[in-house]
Amino acid sequence: MISRPIRFVAVAAALGLLAAGCSSNSGGSTTTSAGTPTGTISVWARDAEKDFMGKLVEQYNSTHQVQAQLTIIPSANFVQKLGTAAAAGNGPDVTSLDLVFAPYFASTGVLEDISDVYNALPYKDQLVPGHVAQSTWDGKTYALPFTGDASVLFYNKDLFKKAGLDPNKPPTTWAEIRADAKKITAIGSGTYGFTFAGACGGCNVFEFTPYIWGSGGQVLSKDGKKAMLDSPQVTDALQFYRDMQTDGSIPSAAETDSGNQQVPLFTSGKVGMTALGAFAIPSFDSAKLNYAAAPLPGKDSGTASFAGGDVISVINGTKNRAGAVDFVKWATDTQAQTWLAKNGSAPIRKDLLDSVYATQGQSYAMVAKGLEMGQVPFSVVENAIFNDNNGPWVKMIHDSVFTGNIQAAQATAQSAAQKLIDQA
Amino acid sequence: MSTHTASLNQSRQVSGRRRSRTFGLNRRRQILGALFTLPTAAMITIFFLVPLGMTFWMSFYRWPLLGQHKWIGLENYSAALNDPNFIQALKFTLEYTVIITPILLVLGFGLAALVQRGDTPSRFFQSVYFMPVAIGLASASFLWLFMAQSQIGPLWDLMHWLGLIGSKSNLFAGHWSSLMVVNAMVAWKVVGLQMLLLLSGLQSIPVEVIEAARVDGASGWQRLWHITVPLLRPTLALVLVFSVAGSLLAFDQFYIMTSGGPSNSTISVVYSIYRYSFIQFKLGYGAALSVLLMVILAIVSAVQMLLLRNTDHN
Chain A
0 MISRPIRFVA VAAALGLLAA GCSSNSGGST TTSAGTPTGT ISVWARDAEK DFMGKLVEQY
60 NSTHQVQAQL TIIPSANFVQ KLGTAAAAGN GPDVTSLDLV FAPYFASTGV LEDISDVYNA
120 LPYKDQLVPG HVAQSTWDGK TYALPFTGDA SVLFYNKDLF KKAGLDPNKP PTTWAEIRAD
180 AKKITAIGSG TYGFTFAGAC GGCNVFEFTP YIWGSGGQVL SKDGKKAMLD SPQVTDALQF
240 YRDMQTDGSI PSAAETDSGN QQVPLFTSGK VGMTALGAFA IPSFDSAKLN YAAAPLPGKD
300 SGTASFAGGD VISVINGTKN RAGAVDFVKW ATDTQAQTWL AKNGSAPIRK DLLDSVYATQ
360 GQSYAMVAKG LEMGQVPFSV VENAIFNDNN GPWVKMIHDS VFTGNIQAAQ ATAQSAAQKL
420 IDQA
Chain B
0 MSTHTASLNQ SRQVSGRRRS RTFGLNRRRQ ILGALFTLPT AAMITIFFLV PLGMTFWMSF
60 YRWPLLGQHK WIGLENYSAA LNDPNFIQAL KFTLEYTVII TPILLVLGFG LAALVQRGDT
120 PSRFFQSVYF MPVAIGLASA SFLWLFMAQS QIGPLWDLMH WLGLIGSKSN LFAGHWSSLM
180 VVNAMVAWKV VGLQMLLLLS GLQSIPVEVI EAARVDGASG WQRLWHITVP LLRPTLALVL
240 VFSVAGSLLA FDQFYIMTSG GPSNSTISVV YSIYRYSFIQ FKLGYGAALS VLLMVILAIV
300 SAVQMLLLRN TDHN
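First to last, the protein sequences are chains A and B.
In case it helps, numbering that gives the first Met the number 0 puts the first sequence at residues 0 to 423.
In case it helps, numbering that gives the first Met the number 0 puts the second sequence at residues 0 to 313.
In isolation and in its complexed conformation, chain A is listed as follows (with noise of 0.2 Å):
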C-alpha cells in the first residue's frame, strides 16, 4: 500500500508536468513605447493556408516591434482544438478561421470585440459583404475578413469543343448545365457531363448551395434559427443534380467522394463540369487544361456564389490586445492583401479584387465576382449541420442524387437540422 503523501505528491507532480505541457501559451506584454505595440503574440491557421501564412508572418515580424509566432493546426481538428484550448484558457492571442465557425466562436465568448477597430479601418466599405456578416454576432464585429474564395462552376474547353458545344458560352441555367452534361458524357469512352462531391458536406454547402440561392432560396433563416431545407428551391435543386444522375451524367466515384476526387476527376480532362474555388485552379493550370470558368446559374436565371475564406480574430482574454489588434489591422491592409492576392489567396476587399486579383486571369476574374456577392449560410451549428460528412445537409443531397427520393430525404434532413439548431 502506497502511503498517502506519497501518492499525492506523485499525482500532483505529475499534474503539474501535464499542465506545463498544456500551456504553451506566449503571455506577451502589452508595453507600449509612443503607442507602439510591442511584445509577442501566438498565432494560429488551419493547415490549407500554411504555403502563404508562414511567409505572411515572416513579413510583418520584419517590419513590426510585435513578433508573431505562427502554428498551423490541421483543418480537419481546427474548431476542437480552438474550443477545447479556449475552454482551458491556452489559446492563442490571434487565430485564423474558416468563416463559417465565427458566429459559432463570437456566441460562446471566444473572441474579442473588435467593434472598434473594424470602424475604425478605411477601407472599411470595400470589405466583401459575406465575411463581414459571418463576423457579426449581436451587433457587434468579432473579425475580420482575411482570406478569400469563391464557388464558380468550372467548365473543360476541349471537351465543350468534342461534344460540339460552344467553349465560349458557358450554362447560364440549370436545364443548360444539364443539357451540356448529356451532350459531353456522349463522347463517350470515359467522360462525364459533371462531378460533384457526394459525401462531402463542406464541399456542397460551397458548390450546391449557390444553386438555390441563385433561384432566390435560402437554406437557413437569415438569423439561423430555422432550417429551410424543405423548401421548393431546395427540391427544385435537388431534382436537378438527380436528373444528371439519372442521365448518367455523374461518374459513379461521385457518391463516395468525400472531397478529394472531385479536382483530380476535373484534372484528368475526363469530365465536362463541376463546381469549385480558385484554390483548385493552381492544380487545373499545372495538368495544362483547357478550362474556364462561369457563374453558378440559379434555375432560370440570376447567379450566385458561396464566400469561402477565413476570418481573423482577436482570442478573448489575450495578454497582449494591442499586439494582437496590430497583427490583425496589418493582415487586412493592402499590401498584405496583394501580396495574398498574388499567392493563394483572394482579396477580402472589392477594390484589391479588381485592381489586382481579377487581373490574373479568366477564372480569377469569374472568383472575384463571386466573392464581391458570396452569401454564407448564417448559424452556430454550421459544423453540425453542413460541414460534417455525416450531417443532416450531405445526407440529404447523397440520399436524394443516388436513391431519388427527395421528399423523405428533404423531411429528415430538416427536421434534423432544426433539431440540431434548437439543442444549441
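If you are wondering where the hints come from, they were derived from the structure by calculation, not from laboratory data.
Subject to a maximum C-alpha distance of 20 Å in a straight line, what follows is the list of computed DMTMM-like cross-link-like pairs (lysine to aspartate or glutamate):
hint, chain 1, residue 1, chain 2, residue 2
1, A, Lys418, B, Glu74
2, A, Lys328, A, Asp350
3, B, Lys167, A, Asp246
4, A, Lys181, A, Asp299
5, A, Lys181, A, Asp235
6, A, Lys221, A, Glu371
7, B, Lys69, A, Asp421
8, A, Lys123, A, Asp332
9, A, Lys341, A, Asp50
10, A, Lys156, A, Glu175
11, A, Lys328, A, Asp115
12, B, Lys167, A, Asp242
13, A, Lys418, B, Asp82
14, A, Lys123, A, Asp353
15, A, Lys328, A, Asp124
Derived CB-CB ranges, DEER-like:
hint, chain 1, residue 1, chain 2, residue 2, range
16, B, Leu248, A, Asn404, 28 to 38 Å
17, B, Val299, A, Thr402, 27 to 37 Å
18, B, His68, A, Ser282, 37 to 47 Å
19, B, Val299, A, Lys418, 28 to 38 Å
So these bits of chain B aren't anywhere near chain A, every CB distance computed over 12 Å:
hint, residue
20, Phe55
21, Trp70
22, Lys90
23, Gln115
24, Val127
25, Met146
26, Leu157
27, Trp187
28, Ser203
29, Glu210
30, Trp220
31, Leu291
32, Ile298
Cβ atoms here follow ideal geometry from the backbone N, Cα and C, with glycine treated the same way.
Chain A is fixed; fit chain B onto it per the hints.
Below, chain B alone, put in the same frame as chain A:
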C-alpha cells in the same frame, strides 16, 4: 471446505504476528515495492482512473465544449435510449462484430493449423501472416481504401477482371460491399495475431493425446472436434474476447474507409460518440454514451469469461 478455510485463517494470523515482529525489514520491503509500482500506479491513475471518473461525472451534465455546463441528472442516459442514431450505431456495431468474429476465428485457426509444423517453410509463413499486424490500423485502412477505389485500385481491378463487379461499380457505394471491404482489411490486418495465439494453444496440446486418439482409430475430423478443440478452448476463449472487444470498439477503419457511408449506414458506436462529442460538441452526452458502451463491453466480456470458466470445470 470450512476446516480448510479455518486453517488458512489461522496461518494468516500466525504470519501476521510474525510480520509485526520483523516489522522494520518488511516495512522497508513494502516501501521499496510501493516505489517500484508507483510509476505504473501514477500512470493508471492519471490516464485511466481520472478520465474514467471524469467521464462518469460529465455524463450527468449538459456539457457543451464552450460555455456553462449544467447538472441534468440522468437526462443524457434517457435521451440515449431514445436516440435513433445511437441505436442504429449499436445495431451496426453488433452486425459488424457478428460477421468479423467468426471470420477471424476460422481464418486464424486455419492458418495456425497450416503453419504449426516447426520447419523452415512454416516459420516463413508464420512471419508473412503476422506481418500486417505490425502495420498501424489507420495506415492499413488508407492502403485498402486506395486498393478498393473504383477504376484505380488494384483490388477493384482484380474483382472487375474476375467478373465480380461491373466497370461502373463503386464498392463503397453499398452498405454490404463497403462492409465487406472493411472486413477484408481487418481480417488481413489482425488475423496474424489470432493465428499466433491459436498456434501457441495448438503447440501446448500434448502430442501423446492426439497420438492416442489416432491409435484408437479416430478420424482427422474426430480428432479435431473431440481432442483439439476442447483442449484449445481456453485459447479460443481468449481469442474470442480479444476480437469481440476490439470489434465493439471499432472506429478507425470506418472513419477512414467508409466515412460512415453510404448514407451513415456504417457509423459504429465509437464513431457516433466521436461525432456527438467533437462535431456537435455535446461532451456530456458523449460521456454518457461512453459509459453505456463500457457497461455493454463489461457485460459481454463477463459472459465470455464465464463461458471460459465453465469449460475449465468440464
